[in-house]
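Since the structure of chain A is provided, determine the placement of chain B on it from the hints.
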Amino acid sequence: MLRRKRWRFAMLAILPTLAIFAWVRIYPIAETLRLSVHKWDILSKNKPFIGLANFRELFSDRLFIEALTNTAIIAFGVLLITIPLSLVLAALIHHRARSRLAGFYETAIFIPHVVSLVPAAMAWKWIFDAKLGPLNNLLGWFGVAPKAWLFDPVLAVVCVIVLCSWQALGYAVLIYLVGFKSLPVSLYEAAKLDGATGPQSFRLISVPMLKPITLYVSVVTLVSGFNVYAQAFVLASDAQGAPGRQVRVLVLDMLENSFRNYRVGYAASEAVVLLLIVLLLTLMQFSFLREKGGRT
Amino acid sequence: MGAHQGRITSSKFRMSALGTVLGGSLAFGVAAASAAEITVWSGYPEMVPFYEHVAEGLKEKHPDLTVKVEAIALREHEKRIALGLTSGEAAEVIELGTSTATRYLENGLFNKAPDAVAAFVTDPANFSEFFRDSASYEGAVHGVPLFRGQSALYYNTEMFKAAGLTEPPKTMPDFTSYAEKLTQRDANGNPVVSGWSLRLSGGGAGIAEKFWINMFQYGENLVEQAADGKWKASFANEAGRAALKQYIDNVHGLKTVTVEMPADAEAFERKQTAMFIRESWVIGDIASKAPDLPYATATLPRGSIVAPVTLWTSGEGEQAEAAWAFAQATNDPENLLWLLDNVGWLPNRNGLDYADILSRKPALAAFVDYPDSYEFFTLPNIGPVEEILTRTADRLTQAFGNASLAGNDAGIDEVLVAMESEINGLLQREGLLAE
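Here the protein sequences come in this chain order: A and B.
If you're matching positions, the first sequence starts at 1 in the working numbering and goes up one per residue.
If you're matching positions, the second sequence starts at 1001 in the working numbering and goes up one per residue.
Looking at chain A on its own, in the form it has when it is part of the complex (with noise of 0.2 Å):
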């Protein structure tokens, strides 16, 4: 009876949150699903359901697959570069955890991640500009041709990377130093009576160690790069005829058929195959990092 009247208030107490939850995230979802299935043009009452002709178009539709390849190449870009940019940036940092200046190092590498996104954009597109831009300037030092970085369909989607990597790492540092700091110090010191030396120890301690660590960082960084929307509309689009190709992704893609182009059902059906992939790469990296017999 008291198990039953506690269990009724655990109900109750956690109701609100999970209508709110409902409301907030499952609702959309499933209002997405069905609208990639209807035509609708977000003004029109009328909302025929067309089956999968959405699908069937969009896998013919070169801006979406240019979309899709773009996002792809960000998000897997940015994946790579942060991983083990910010796993050996945190190693080094917690190893000088004791210096005066651990304080600084920390900020430092955090800042971009709370920096606001369009003044940084704003900035690393000063810093690409083909004719203004310091990066041309250096590179002009070595004897390197400028180049049209925010122009040239490569260079671009680089551009991109780049800034989405810079502003990814300080959230993944910050993670890593985390667990860094969980771990037993007996294993290195261990490690260090037989003889390890530091590197040794990173690859054969902190590195298998920090797994379940590195499978949140990879998921919320990969998620994140499926996400890419301001830093390309941002660094390579612009006001004014300032010089930038417009690195089409894919929720750049979605915006202009919702928006623009009023085709809400169009872009709903980009937002499925967008959710799918997202769910597949998730599972498939929880599987690849996934401990054999135990919990990640």
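Some hints could be false.
Simulated pairs of lysine-lysine, DSS-like, Cα-Cα distance not exceeding 30 Å [to be verified]: (1) K1230(B) with K39(A); (2) K1232(B) with K47(A); (3) K147(A) with K131(A); (4) K1068(B) with K1289(B); (5) K47(A) with K1112(B); (6) K1361(B) with K1289(B); (7) K39(A) with K1079(B); (8) K181(A) with K192(A); (9) K1255(B) with K147(A); (10) K1079(B) with K47(A); (11) K45(A) with K1112(B); (12) K1271(B) with K131(A); (13) K39(A) with K1112(B); (14) K1255(B) with K1170(B); (15) K1289(B) with K1255(B); (16) K211(A) with K181(A); (17) K1079(B) with K1112(B); (18) K1161(B) with K131(A); (19) K1181(B) with K1271(B); (20) K131(A) with K1289(B); (21) K147(A) with K1271(B); (22) K39(A) with K1232(B); (23) K45(A) with K1230(B); (24) K1232(B) with K45(A); (25) K45(A) with K1079(B); (26) K1230(B) with K1112(B); (27) K1181(B) with K1170(B); (28) K1181(B) with K1361(B); (29) K147(A) with K1181(B); (30) K1230(B) with K47(A); (31) K1230(B) with K1079(B); (32) K1255(B) with K131(A); (33) K1271(B) with K1361(B); (34) K1161(B) with K1255(B); (35) K1181(B) with K1289(B); (36) K1181(B) with K131(A); (37) K1181(B) with K1161(B).
It should be emphasised that the hints constitute simulated quantities derived from the structure, not laboratory data.
For chain B alone, kept in the frame of chain A given last:
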């Protein structure tokens, strides 16, 4: 202790609940008291002073009316209209181009004008047929025409003089030969000041719109209405080739401009380009950012785009009435002349006396004083117009960056055919493709 704490908590809860109720009532009261407040949504931040000027002038007739102006970048403005109108949270006065407004009119999301406003708009003494139509839907007036985007050539007179050029280009081939003479290069022959700034990159639709303006000078349009009222793209021909070839020649052949160079109004104001084609707002922009810039304007060889912008209203009751009063007040001759003089956008209303402004700002002449044979085109009022422009812009950007198209007419034709076929595909999808 526990019971006492419980009482405090419960009392705090009651107080906060009471506070919430009171706060809510107060907010409701404030909302009710400010019923005479209207909001204007604009997609042109430079229009804010104009709307504030109109609101100031309205104070005499409507002392209780408060006008809030919210202007953001055009693309974001379009998004908030789509969300705002469909959720019933839109501003009372909405500024929007007719080609984009068509979808909202089709769905009854803009108010029909009251009789007095309709009479004002339909009076031929006030507006030409083109602008009357641009503010109407199915024969009924739904908006008040305000201003238009219209293009002309801007050129730096000092650079023209230095290049030995005494008058603006008269034909499209002139544009290229002028660009060659006007381009300033460094010791290695790389351009440092472009001879003719072309829209080669950026966010999307603008690239296609600018290309259309240039192609129109050669006698061709991106889409044209057929006799059956439907639309078709058929520019993969000599005129289309000439227009695209001119871009490619200037970028990759003659290198009078490059994709990396600063472009558009900002470049012109900083003397980084000798000439470019743009709307009249640039005159106001130059006056505020580069008042000493030596420049003049000229009409284009054949004609220009006209993109009419209209004020539409939403909401009901007292606020809707106030919105219409505001929209009509924007068309007071004094306000329209203020608009031209201070912001630079061209009023749509007939019968305005521009003499005083033209004497002070001769650059405006190319926009209001054009030859009788001057032709105009406008963006079609059809649903997929934005998608057509965006997709075309994407193909154009790729072409502009493709050096292998220089001197390659077959390659240029391929690009044109692909563009044309994509546009016709979009028209077909929407049931708008002409036979």
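Checked hints:
no., hint, verdict
1, K1230(B) with K39(A), "22 Å, holds"
2, K1232(B) with K47(A), "27 Å, holds"
3, K147(A) with K131(A), "9 Å, holds"
4, K1068(B) with K1289(B), "26 Å, holds"
5, K47(A) with K1112(B), "25 Å, holds"
6, K1361(B) with K1289(B), "16 Å, holds"
7, K39(A) with K1079(B), "19 Å, holds"
8, K181(A) with K192(A), "18 Å, holds"
9, K1255(B) with K147(A), "16 Å, holds"
10, K1079(B) with K47(A), "20 Å, holds"
11, K45(A) with K1112(B), "19 Å, holds"
12, K1271(B) with K131(A), "15 Å, holds"
13, K39(A) with K1112(B), "28 Å, holds"
14, K1255(B) with K1170(B), "21 Å, holds"
15, K1289(B) with K1255(B), "28 Å, holds"
16, K211(A) with K181(A), "14 Å, holds"
17, K1079(B) with K1112(B), "22 Å, holds"
18, K1161(B) with K131(A), "26 Å, holds"
19, K1181(B) with K1271(B), "15 Å, holds"
20, K131(A) with K1289(B), "22 Å, holds"
21, K147(A) with K1271(B), "23 Å, holds"
22, K39(A) with K1232(B), "24 Å, holds"
23, K45(A) with K1230(B), "25 Å, holds"
24, K1232(B) with K45(A), "29 Å, holds"
25, K45(A) with K1079(B), "19 Å, holds"
26, K1230(B) with K1112(B), "26 Å, holds"
27, K1181(B) with K1170(B), "15 Å, holds"
28, K1181(B) with K1361(B), "28 Å, holds"
29, K147(A) with K1181(B), "26 Å, holds"
30, K1230(B) with K47(A), "24 Å, holds"
31, K1230(B) with K1079(B), "27 Å, holds"
32, K1255(B) with K131(A), "15 Å, holds"
33, K1271(B) with K1361(B), "20 Å, holds"
34, K1161(B) with K1255(B), "21 Å, holds"
35, K1181(B) with K1289(B), "27 Å, holds"
36, K1181(B) with K131(A), "22 Å, holds"
37, K1181(B) with K1161(B), "11 Å, holds"
In terms of the numbered hints stated before, the structure departs from none.
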